[in-house]
Structures are given as C-alpha cells and as structure tokens.
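> From just these sequences and the hints, can you work out the full model?
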Amino acid sequence: MSQLSDDFRTAFRHHPAGVALITATVDDVPYGLTISSLASLSIEPVAVSFSLAKESGAAGAVLAASSFVIHMLGEQQDELATNFARPGAPRFTPEQKFRILPTGEPHFIDAPVAFRATLHSSVNVGGSRLIAAEVHEILHGLSEQHLLHQNREYLRISEFLNASTSRQ
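Position one of the sequence shown corresponds to residue 1 (the numbering used here), numbered consecutively onward.
In short, the hints are calculated from the structure, not lab data.
You may find that some hints are simply not true.
Between beta-carbon pairs, the in silico distance windows are [stated by the list, open to error]:
1) N162 - G60: 38 to 46 Å
2) Y154 - T10: 16 to 24 Å
3) E79 - P102: 37 to 45 Å
We treat Cβ as the ideally placed atom computed from N, Cα and C, and that holds for glycine.
Below you can see the structure in the form of structure tokens.
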C-alpha cells in the first residue's frame, strides 16, 4: 500500500462518521452489514449514498435484493453495530428487536431512523462500489442521539453534551 493510501486511511479513521446498518432479505435469508459511509445525496428523488468494499456476503445480498433498509443507529445500539461488523457474531436475534416488514426486509425497531430503499445506480471505484439508493419510506424508532464512529471506537454525543452541561 502506498504512503498516500496509508495517510488517506488514517485521515478518515480520525474523521467521525455516523454508524448505519443495512439489512436485506434474499431467498428468505436475512442479511445485514454495518457501514459508516452513509451520506445524503438528493432531495428529488430522495436518495442516499454509501460504499461497499466487496460484493459478496451481506454486501452482495444488498446489491441483489429488490429493496433494503438502511438504519441510522442510536447510541444504545453499539453492540448491534459491532455484531453486524464482525463475522460469526449473533445476528437477527430476538434481543436485537427486529421485525420483518411487509415488504420482506428486516427492520430494527429501536433505530432512531430507517430508510426503506432500492438501488438507484452504482459505480465501481477501485476495489469499492459507490451506491446511490432511492428512499421510498422513512421509519421512525426511538428518539435518541445517533451513534458515531471514530478511530475504531464508538462515540456518544450525549456524553459530551452531559459533560458540557455539568461544567456550567
């Protein structure tokens, strides 16, 4: 790997990003993966973007699914995010509080916001794939701060807000 690639990876490791979980069902099997690349893309049509580093496993299922759900995770969902980021970790258990939507996708009901979406378009960039997804429905869950990720750790905005308030 080049020095430029190393520096780039380090720069983004220190850039805080929201944590999202994408779920889909393919051939009656639920799939999910954690991402930190979610971004708003368009208001008309309503669309978001994210990247996938590979096209197999859960990422391949998202690409093959007729629709999927993108969950913006809350601060209390760090364990859920970790489980869907690590191979072999527990997924889609009753304790994780998910349901199957009438359209077939798994939905984690405690996520503050979730988007039911379909693939609009995609482009290969190096070893990754940039996805544009059109949002068809917005699902609301628990009202809480969103979970952030920075330098391989989860950050909770509420902890910073509480610390700031207690100093006043």
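> Now look at each hint and say whether the structure bears it out.
Against the structure, the hints come out as follows:
Distance hint check: the CB atoms of N162 and G60 are about 41 Å apart, consistent with the given range 38 to 46 Å. Checked against the hint of 16 to 24 Å, the pair Y154 and T10 passes, with Cβ atoms roughly 19 Å apart. In this structure the hint that E79 and P102 lie 37 to 45 Å apart at CB is violated, the actual value being about 27 Å.
In summary, the structure is inconsistent with hint 3 from the numbered list given earlier, while agreeing with all the others.
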